[in-house]
Amino acid sequence: EPEVTQTPSHQVTQMGQEVILRCVPISNHLYFYWYRQILGQKVEFLVSFYNNEISEKSEIFDDQFSVERPDGSNFTLKIRSTKLEDSAMYFCASSRVGGHAEAFFGQGTRLTVV
Amino acid sequence: GQQVMQIPQYQHVQEGEDFTTYCNSSTTLSNIQWYKQRPGGHPVFLIQLVKSGEVKKQKRLTFQFGEAKKNSSLHITATQTTDVGTYFCAGRLEYGNKLVFGAGTILRVKS
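Protein sequence lines, in the order shown, are assigned to chains A and B.
According to the working numbering, the stretch in the first sequence is residues 692 to 805, in order.
According to the working numbering, the stretch in the second sequence is residues 2 to 112, in order.
Note that these hints are calculated values from the structure, not bench results.
Treat the numbers as computed from the prediction; the structure is a model and nothing was measured.
One or more of the hints may lead you astray.
[Claimed, not checked] Derived Cβ-Cβ restraints for the label pairs, each shown as a range:
hint : chain 1 : residue 1 : chain 2 : residue 2 : range
1    : B       : V45       : A       : G731      : 14 to 22 angstroms
2    : B       : T21       : A       : T803      : 29 to 37 angstroms
3    : A       : R787      : B       : Q4        : 24 to 32 angstroms
4    : A       : I711      : B       : Q15       : 21 to 29 angstroms
5    : A       : G707      : B       : T21       : 42 to 50 angstroms
6    : A       : S764      : B       : G42       : 34 to 42 angstroms
Backbone N, C-alpha and C define an ideal beta-carbon position, used for all residues, glycine too.
The task is simple: from the sequences and hints, build the whole structure.
And the structure:
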């Protein structure tokens, strides 16, 4: 069964460092998303991406964040200068179409900023 | 911004008892989805409701979408230990692709 894969599963970084979280969405999906979940809290939308550009973003997704689809398979989330409060589980998701399709989530990357 | 409220935050039931979680949106939704997240896992899609007043069943799970498309519920009949996890509703606005998640309801089942 096709799945969304994320690497690494766990990343520890120093405050102020840049991190890149990687995702390989399901191959025939067109919409890609990043969500984050602070430990014990709800899943929060960060950004959606379609046709090589951001289609929506939340207030969390400030100038420190960027997304990229560098090739035909990867979808990355970059955090330029990490803060302690960026520590969370980051989930990548993809869907076949936008408005009326289920989102398939990856296993997540646990980011710990120390 | 759009808010999706979900209650209760936490429910602890005896195996065999029923369980219900409720979801309310501040705005009309295009559709609502339900996800289950096992402890330490990732959200897994359960179902999508699109039509006003829609009711769908999956074995012991019953999902409802309100007439105004602003609220939804998930009801589990005769809970089992395999039902443990966090149940999230996620609503999509009339326009756009953003899924807004509720805070989730944590279900624990005592055997």
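Look at the Cβ atoms of G707 (chain A) and T21 (chain B) and judge whether their distance stays inside 42 to 50 angstroms. holds (46 angstroms)
Distance restraint evaluation - R787 (chain A), Q4 (chain B), Cβ atoms, bounds 24 to 32 angstroms: holds (27 angstroms)
Between I711 (chain A) and Q15 (chain B), is the Cβ distance one that fits in 21 to 29 angstroms? violated (46 angstroms)
Does the hinted range 34 to 42 angstroms hold for S764 (chain A) and G42 (chain B) at CB? violated (24 angstroms)
Is 14 to 22 angstroms right for how far apart the beta carbons of V45 (chain B) and G731 (chain A) are? holds (19 angstroms)
Quick check: does the Cβ-Cβ distance between T21 (chain B) and T803 (chain A) fall within 29 to 37 angstroms? holds (36 angstroms)
Figure legend: structure checked against the earlier numbered hints; hints not met, in rising order: 4 and 6.
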